[in-house]
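Construct all of the structure, not just a fragment, from the sequences and the given hints.
In order, the protein sequences belong to chains Y and R. Count the first sequence with the numbering used here and you get residues 1285 to 1531, in order. Count the second sequence with the numbering used here and you get residues 8 to 220, in order.
The set of hints was computed from the structure by calculation and includes no laboratory data. The structure presented is a predicted model; accordingly, all values stated were derived computationally and were not measured. A few of these clues could be false.
[To be verified] The calculated DSSO-like cross-link candidates involving lysine-lysine, where the alpha carbons are at most 27 Å apart (straight line), are:
| no. | chain 1 | residue 1 | chain 2 | residue 2 |
| --- | --- | --- | --- | --- |
| 1 | R | K173 | Y | K1456 |
| 2 | Y | K1392 | R | K93 |
| 3 | Y | K1392 | R | K141 |
[Unchecked claim] Residues of chain Y placed beyond 12 Å of chain R at every Cβ, according to the derived structure:
| no. | residue |
| --- | --- |
| 4 | N1286 |
| 5 | E1306 |
| 6 | L1310 |
| 7 | Q1327 |
| 8 | Q1359 |
| 9 | Q1363 |
| 10 | S1413 |
| 11 | K1417 |
| 12 | Q1436 |
| 13 | A1437 |
| 14 | P1481 |
| 15 | V1500 |
| 16 | E1502 |
| 17 | L1523 |
Think of the CB as a built atom: it goes at the ideal place given N, C-alpha and C, for glycine as much as any other residue.
Okay, here's what each chain looks like letter by letter:
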Amino acid sequence: MNTKTILLTGGTKGIGKAITVEFLRLGARVIATYASDHNAAEQFKLTLSSDLNNRLWIKQCSASDYQETVSLCQQIETQWGQLDGVVNNAGINSDSLFLDMELDAWTKVLTANLGGAMMTSLATIDLLSRNSKPTFLINISSVSGLYGRAGQANYATSKGGIIGLTKLLARKYAGRNIQINCLVPGLIGTEMADDMPPGKVAAIEEATFLKRIGTVQEVAQAVLFLAGTGGSYMSGSILSLDGGFFK
Amino acid sequence: MTTIFLLNATTPLIQELFPLLNEIPNVRIHPVILPEAGAETVNQVETENNVFLISTPFFDEFTDFNAGYAAFLLEYLNSLVAWIQKMIRILAQQGKPGTFIFFTTNPNARGFLEYPISPILDESLHALVKTLSKELHSLNFHFYALCLEPLQCLVKDPIQVRTYRKKMAAHAMSKMPLKVDGINSIIRSICKGNLSLVSGSVLPVGYGSVLSY
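Structure, rendered in structure tokens:
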């Protein structure tokens, strides 16, 4: 990853933060975006050594805003000349039963998750294509998108769409030397899991072969696998990382 | 008595299906067009059995995927879900069951057949179907997604039909594009409640095509 330039949406919190750190440790230059949580972004910077901080550019940019992301890509190209990889990680949830779900909660989650992945992919694909070396685009979905999950109609629909987006992009841009794949994590120990009632987390752990939820570091390692030579013969793959979650 | 609600009744698939569905005994058809008609077209449901056939305009994301389409897709999903939620609320208040059938394409099909596909929309709807069936099964709501591979009714040009037939020969048992009468028989089975045990399923309908999953 040395000298590579990587764009990571939602890169300052949770899973995104862990992925950012792993790329930085391997010598990459990372542009980590966030939509609104400025404090979390500032706090994240403080936890990093100056060596890592020197290669990290934290930028406020809404993933679902096409023009904003296009403009970010222009800045990346001007400053570093190329983009080597994109990780579409930004995501939010707002769970409730379907009959109680406010349309606003539906729209917000769909726009942030699916809209963010679609717009970022569209905005970055040309820059990735222009790179003379192999590049990668990794989408982060969820087991909810693969199997559905009660109480998460908005989240599951958006994450399902991201799986479809991966299949489409892999076909559409085949031959452009971009490894386009999708990672499907189960429940991971992030703020999202912290917000869940304890009983629910325990139930998911019980329904998982490995009897535990995943860690952000495990997700980051899987992303590194897909971004590196491990993913060189993978295209449009949907890779589950769920500890054997019992569907 | 069953009411079949046809969402997006102007799509070619629904227009071809219409006369066949009309022949089902004790069935009345209620066409609804989204998103123009919005959620206001149906305010109450009178029949005991209600089936919603949800057809989408025939997108080809392979050629049409851009920022405009992405924005349109989000808008389309928003209006579709608002309508579905409203219908389920009406039915739930009246204690009536409901069946929702989504027509989708096979998100894995493109490549061999150069058949228009819309995997983003399809996979979104598949996840919605799986989620809602888990969540609303106890209230007697059932959800299905049919993955349709090349439909003869959508390929009216005889040259195109011949081309698809040739391409299908290598991949499908029937060696020809799917016809609407096959879809009609599946819908009839679902309407009768014969498939309620497989609610939440994504059913590939492609005459045994190896492209199905």
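27 Å limit on alpha-carbon distance, applied to hinted pair K1392(Y) and K141(R): holds (23 Å)
Verdict on L1310(Y) as a residue remote from chain R, using beta-carbon distances over 12 Å: Fine: 31 Å to the nearest Cβ keeps L1310(Y) off the interface.
Least C-beta distance between Q1436(Y) and chain R, which was stated to exceed 12 Å: violated (6 Å)
Satisfaction of hint between K93(R) and K1392(Y), Cα-Cα up to 27 Å: With a Cα-Cα distance of about 19 Å, the restraint between K1392(Y) and K93(R) holds, given a limit of 27 Å.
Agreement of K173(R) and K1456(Y) with the hint, judged by alpha carbon distance not exceeding 27 Å: holds (24 Å)
Distal placement of Q1327(Y) relative to chain R, Cβ over 12 Å: holds (31 Å)
L1523(Y) remote from chain R - nearest C-beta pair above 12 Å: Per Cβ check, L1523(Y) is outside 12 Å of chain R; nearest 15 Å; holds.
Given as non-interface: A1437(Y), partner chain R, CB spacing beyond 12 Å: violated (5 Å)
Reported absence of Q1359(Y) from the contact zone with chain R (all CB gaps over 12 Å): For Q1359(Y), whose nearest Cβ neighbour in chain R is about 19 Å away, the distance exceeds 12 Å, so it holds.
Distal placement of K1417(Y) relative to chain R, Cβ over 12 Å: holds (25 Å)
Claimed clearance of chain R by S1413(Y), with the beta carbon kept past 12 Å: S1413(Y) is indeed farther than 12 Å from all Cβ atoms of chain R, at 15 Å.
Chain R versus E1502(Y) - minimum CB to CB distance exceeding 12 Å, so not interface: Non-interface label stands for E1502(Y): nearest chain R Cβ at 23 Å, farther than 12 Å.
When each numbered hint is compared with the structure, violations occur for hints 12 and 13.
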